[in-house]
Amino acid sequence: MSAQTIAAKFRVAGEARPAWAGRPTLWGSGFRAIAVILLCAIVLFPFLIVISTSLATQDQINANGGFVIFPTEISFQAYEQIFNGGVVTRALLVSALVTITGTAISLLTTVLAAYGLSRTGSLFQKPLLTIVLLTFLFAPGIIPLYLMVKQMGLLNNYWALILPVAVNAFNLVIVRGFFMNIPKELMEAARIDGAGEWRTLFQIVAPLSKAVIAVVGLFYAVSYWNAFFSAMLYLNDSTMWPLQLVLRTYVLQSTPLVSDTLATLPPAQSIQMAIVVIAVLPIVAVYPFLQRHMSKGVLTGAVKG
Amino acid sequence: MTLLASRSDRGTASVGGPPKSPVEKPRRVSFSAKLRRDKSLIIMVLPAVVLLAAFVYIPLLGNIIAFMDYVPFIPIEQSPLVGLANFEKLFGNPAFWNALSNTLQLTFMQLVLFFPVPIALALFINSLAIPFVRRFLQSVIYLPHFLSWVIVVAFFQQILGGSGAISQVLIQNGGSGLDIMTNPDVFKILMTSQVIWKDAGWGTIIFIAALAAIDESLYESAALDGAGVWHRFWHVTLPGIRPIIVLLLILRLGEALTVGFEQVLLQRDGVGPAAAEVLDTFVYFHGVVDGDWGVGAAAGLLKGVVGLVLVLLANKAAHLLGEQGVYSK
Amino acid sequence: MSSNAINNKVGRRSFIKGAAFGLGALALGGPLLTACGNGAAPSAGAGSSVVPLPAYLPQVIAKPDFKAPTAGVQNAWLRFPTDRAITVKGVVGSGKPVTAMTITYAQPPAPLEQNAYWQFMNKELNIDYKPIIAAANDFPAKFAATMAGGDIPDMVAIPVFMGLPRIPEMYKTVFQDLSEHLSGDAIKEYPNLANIDSETWKYCRVDGKIVGIPTARPTVGPPLMVRKDLFDQLGVSYNPKTADEFEAMCKAVTDPKANRYALSAMLGDFGTTWNTRVFGGIFGAPNNWKLESDGKLVRDIETTEFKDTVAFMKKLWDGGYWHPDSANQQVATAKALFISGNVLTYSNGIAAWATESANNPKIDIDVVYPFGAKGGKGATYNNRPLFSLTAVKKSSDKEHTKEMLRILNYLCAPFGSQENFNVSFGAEGKNYDVVDGVPKVNKTGQAEMGVSISRLGNGPQPLFSAIPIDKDIKRQFDYQVAADAVGMSDPTMPYWPITVTQMTSLEKAITSGITDVVTGRQPLSSLDEVAKTWRTGGGDELRKKYEDAIAADK
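Here the protein sequences come in this chain order: A, B and C.
Under this note's numbering, the residue at position 183 of the first sequence is numbered 183, and the numbers go up by one with no gaps.
Under this note's numbering, the residue at position 298 of the second sequence is numbered 298, and the numbers go up by one with no gaps.
Under this note's numbering, the residue at position 240 of the third sequence is numbered 240, and the numbers go up by one with no gaps.
Bound conformation, chain A alone:
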C-alpha cells in the first residue's frame, strides 16, 4: 500500500513527520508555537538572569537589588575568585571521577538486578524483590550508616561516596518495569535460539532499553554530581571534597548573626550565581548525548515478522 511505503521511507527513528500522523492544522500549529515559546521563556529566563548576574559587577548588582538581566559591563571577577587557588578545579575533577565511576557501577548493578528480578516465577524473586523494595521506604539513620562506613574502613575514601548509594530502589524498580514490558515474543525467540539469561540481557533486552537505561543513568549521574552531605560526613580531609560541597561553603559564607571578626568577605551575589553556572554546565554539556538514546521508534518493527 502506498501509505505503508511512505511510512517505510519515514521510519528513520522518528526524525520527520510520519505519514500516519496527518497534516497539521493551522490552529494546532499556532497553539503549539505559542506554547513552545512560553515554555522556553519560563525555563530559560531565570538562567539568563543567573548567567547575567554572575557576569555583572557588584555595583550594578547593588543598584538592581540583587539580580541583573543585562549586565552593562562584563566582569569575570566572580569566576576568577571561585577558581582562585585551584580548590574548585580540583573539586570538579573529583566530582567528575566519582560521578563517572559511580554511575557505571550503579547502572551495572541496577540493570543486572532489574533483569534478574523481571522474570516472573523465578526462584527467590519475591523475597529478593521485597528486600530491594523495602530499602525504598526505610533508610538508615546518619550515625549508624556512618559507623558502618567507618567499620568498612571507608572513611576519607572516595568509595564512601559510591558504595552506600550505588543501588537505588526507585531506579531499579523503573528499569525492572521497562524490562517487564518488553514483548515476550522476543524473549521466547531468544530462548529458542539457545541464548541463556546473560546473552538475553546483553544482546536483546539492554539494546531495546537504551532509553530507560539512559534515563536512569542520568538520574544516577545527577545524584552523584549533586551529592554533598555524604562527602561532608565521610571525608574529613577537605582537600578531597567534591564540587557541590566546596561550592556550598561559598553559599553559606554570609556573615553569621553572632558576628565574627574573623569572617572573610561574604560572597557577592555574582559568586552565588557563578556557582550555579559551574555546577550546571557539565550536565548541560552531557545531556544532548543522552537525548539521542531517547528518540522514537526503538522498538519499531522489532516484533513484526
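Watch out, some of these pointers could steer you wrong.
Unchecked claim - Straight-line Cα separation of at most 27 angstroms, BS3-like style, residue types lysine-lysine; simulated pairs:
1) B:K316 with A:K184
2) B:K39 with A:K126
3) C:K394 with C:K377
4) C:K241 with C:K251
5) C:K241 with C:K188
6) C:K532 with B:K89
7) C:K123 with C:K188
8) C:K314 with C:K67
9) C:K130 with C:K251
10) A:K210 with A:K184
11) C:K257 with C:K362
12) C:K315 with C:K532
13) C:K374 with C:K314
14) C:K315 with B:K89
15) A:K126 with B:K316
16) C:K471 with C:K67
17) C:K228 with C:K89
18) C:K377 with C:K307
19) A:K126 with B:K34
20) C:K314 with B:K188
21) C:K67 with C:K440
22) A:K184 with B:K188
23) B:K39 with A:K184
24) C:K96 with C:K63
25) C:K172 with C:K130
26) A:K210 with B:K39
27) C:K172 with C:K398
Just so you know, these hints were derived from the structure itself, not from any lab.
Go by the hints and put chains B and C onto chain A.
Just chains B and C, lined up with the frame of chain A:
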C-alpha cells in the same frame, strides 16, 4: 496488528499491557531444578543485594534507638530502653500532628496538581512535528531542576514578594503590595507552584523515554484503521505509558510523607510553622538539631511503615485495574 | 516528582529520618566510661567543687589609639602596630600530627603541598596540622557523627551558641579536664591565655572544672546601624530619644513607592528576629533572663516589658515601616538591601559594622544610640564573650595536653604581637601584600586560610580594620563606650552547656510566636499562650537547672 487486536490481545506486541505468562505453563518444578534454571538470575541480583544488605539493612538495625533514650558517644548498649516512650512523645506533641496534616495536604495537592504536569508536557513535546524544536525543548525543559531551592525562593520573592516586581507595579499605581509569600493561607499552593516550576521539566524525561518505547508500527496500524488523533492518543499512547504512570504513582505514594525539606526550611519562618511545618522539617528540628535522636528514629520508622501500607494498598488497586504495579502477585 | 528523592537519597533521606546509633552486631570502639544515666545535665557544682578561675594577667603589647575604659569595650587601633612583640618563646609543638575540628566560614583550603599559609603555620607551631572543617549548617551532624564514631580529634572548637546537647557529659567522658593546667596561677605558663579576662573564663567551666579555651569576642550587643548618608539626604535625624520619636523617624524615611523602608528583620538562629535585641533594650525587657534578688529567674517572655516590645514592633509593622519580606529575609539579603539603600537600617553583631564600612566605602554607616522607650537611658543586650570553646581530647599523657595548650597559647596571642600577625596574615610575600605600609591579605591568602586554624583560639578582639576607616573606628568606639555603659547581661549565659531536650525547638516556637503577633496573624494576648507552652515544654525544667547552677556558684 490492528488497532482492535492491540486492545484485546494485550501483551502480545503492545507495550501497554501486562505480559502474558509463558506459553508452556510450568508444572511442578523441583527446587533444585528451579535453582539450576534461575542460577544466572540469582547471581545477577546478588551484587545489588549485598550492597543493600551492608549499607542499608545492617545500619537499619540502628533504628533500635527509636525505643531508647539514646545518648551519643557512649556505646549503644548503655542507653536505656524506654519502649514506646519516644513514640508517645511524638504523638503527644500537637506540632507533630500539625506537621503530619500539612504533609498530607501537600502530598495530595501535589498528586493532583503536579503529577499530571510532566505527563502533559511529555505528550506535548512528543507531539511536536519539527524535530529541531522537539529536541531543543527537550534539552532545556529540565534545567530549572538544577537551580537550588535558595535561588528558586529568591526568584519567587523577586517577582511575587512584598517588594517584588509585581508589588512594585501595584504600589506605583496606588495599590498595596502582594502578600503571597508571607500568607499562610496560600502557602501550600505557593509551594506546589514552586515545585511545578522547578521540577515539572525534569519529570518529563522519564515519560519521554516511555513514549519513545512505544512501537511506532502501532500508530501506523491505528492510522490505517482510520483512527484520528484523539483515538490514537487514547488507544495507543496512553496504554503505552500507563504502566510507568502507575508505577511512578505507587512509588510516589510510598514517599507520601516526604514532601519539601529545603523548600520549607527556607520559607517556614515567613508564614509560620502552623502552615509550613512538614514531617521532614519537624524531624529535622526535633530529632537532629535538638539532638533527640530517639525521636528522630521513631519518626523515621513511622514514615516507613505508613509508606509501606500505602504502597501495598496502591499496588493492590493497580492489580484490580489490570496493571502489574510494583509488586505482582 | 519522586526523582527529587533520588538526588537527595543519602543526603536528605537518612538525614531527616533521624539518626540512630549503634550496631549491636558490630564491635564499637566507644569510650568505656558511662554517661550520667538518664542524660540530665548536672548543674555546675552539683556535689563537685568549683575550680578557681585562671588568674588575669593582661599584657601590654601595642598601645591602642583608643583605650577601652571598661572591660566590655574593645581597644581600638587605626593602623596595624608596626612594632610587633614576640609573646611566644620556644618551640610550641612536637612535630606530630594534630587533628582539630572547627566550623568554617571560608572556602576549603588548597591542599598542604600548595598551601603556603598551611606550611607556614605548621612551621611556626612545629606540628602537622590536620583540620576537619564543617560549614555552620553541617556542624551539628558532623559533630554528632564524629563523637559517635569514637575517633575524637585532638581538639574540637565547640560553638557555644548552637545548643548542642549533652555537652557536660561529653566533657566528662571524652574531653580533658584542664583545671590543673589553667586554674589560678598555673595559667602563668601560658601568658597569652592569661591575657583573657576572668569574665570570659567563666564560660569555660563545666561542672566547676575548666574544660576549654575560648575564642574571645566583643560583648557589646548588636547595634542598629543606619545609612547616615541617606538619612542626611532625606533630612531626617536618627537620634530618637523616645519610642514615639523612633516611630516618627521610621515614618519619615519609609516610602513604598520608592521601594524604601526603615527596617528589615532577618532570619537568625531560631527564626525571624525583628531586631528584638535592640527593641528589647529600649523597653527594658530582660536579656533572655533576669535574676531576681531571691535567686529566681524570670524569662523575658514572662514580663510585661517584653509584651510592650512586641506591641511596638507590631505597631511599626502596621505602619508599614518594615520591609515586606521581613518575615523571611536571609541575612545576606537584608545586608544587600541595606547597601543598596532599600532598607535604611541593619542590625547585626557589632563586628559587622567595621566589616561593612570597610567593604562599602561608598556608603556612610552610623548608629542609633540606646534610649529608653519613655525617654530614659534604655539598655543594650550584652553578648557572650566567646564564639566557641576549644576542648582537648582526654589523654593521660600530660605532655600531649601541654602541647595542645601551647598551640592554643600561640593562637590566642594578642593583637599587635608577631604571632597574631602571623595567624592573621600568613606567609610573607605569599599571603599578604604591603600597600602603603598597610598589610592586606591577598586572594591567595584568602584561599589558603580556609584551614581555619585561627578558629581554635582567639585572644581579646581589637576594634580594627585592615582597610583604614578611621572615621568609622572612632564612631564605633564611641558607640561601644555608650552601649557598654547601659549593657545588660544574661545571667544564664555562662551556663551554656546546660540544655534540655527540645531546647532549640522551644526557642523556635518563641520566635514563631513573636512573628505571628508582629505580622498580625495572632493577637498580642497569644504571647501568654506561647509563654505557657514554653514553660511546660521544658522552660521550667531549664529554669530550675539554671537557678541551681547559679546558686552553686555563689
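Holds or violated: are the alpha carbons of A:K184 and B:K188 at most 27 angstroms from each other?
Roughly 45 angstroms between the alpha carbons, so the hint for A:K184 and B:K188 is violated.
Has the given pair, C:K96 with C:K63, been kept, meaning a C-alpha gap of at most 27 angstroms?
37 angstroms, violated
Between the alpha carbons of C:K67 and C:K440, is the straight-line distance 27 angstroms or under?
24 angstroms, holds
Would the hint linking C:K228 and C:K89 be met if the CA-CA limit is 27 angstroms?
47 angstroms, violated
Given hint C:K314 paired with C:K374 - CA-CA distance at most 27 angstroms:
18 angstroms, holds
For the pair supplied as a hint, C:K377 and C:K307, confirm whether the alpha-carbon distance does not exceed 27 angstroms.
Answer holds: C:K377 to C:K307 is near 19 angstroms, not above 27 angstroms.
Just to be careful, I want the Cα atoms of B:K39 and A:K126 compared with a cutoff of 27 angstroms; is the pair within it?
Holds: B:K39 and A:K126 sit about 15 angstroms apart, inside 27 angstroms.
Do the alpha carbons of B:K316 and A:K184 lie within 27 angstroms of each other, as the hint requires?
24 angstroms, holds
For the pair supplied as a hint, C:K471 and C:K67, is the alpha-carbon distance within the 27 angstroms limit?
OK: C:K471 and C:K67 at ~16 angstroms, within 27 angstroms.
Given pair status - C:K67, C:K314, alpha carbons within 27 angstroms
40 angstroms, violated
Against the 27 angstroms threshold, does the CA-CA distance of A:K126 and B:K316 hold or violate the hint?
Judged against 27 angstroms, a Cα distance of about 16 angstroms means the pair holds.
Quick one, are B:K39 and A:K184 close enough, alpha carbons at most 27 angstroms?
Distance of about 21 angstroms is within 27 angstroms: holds.
Going down the numbered hints, you'll see the structure goes against 3, 5, 8, 9, 14, 17, 22 and 24, while the others check out.
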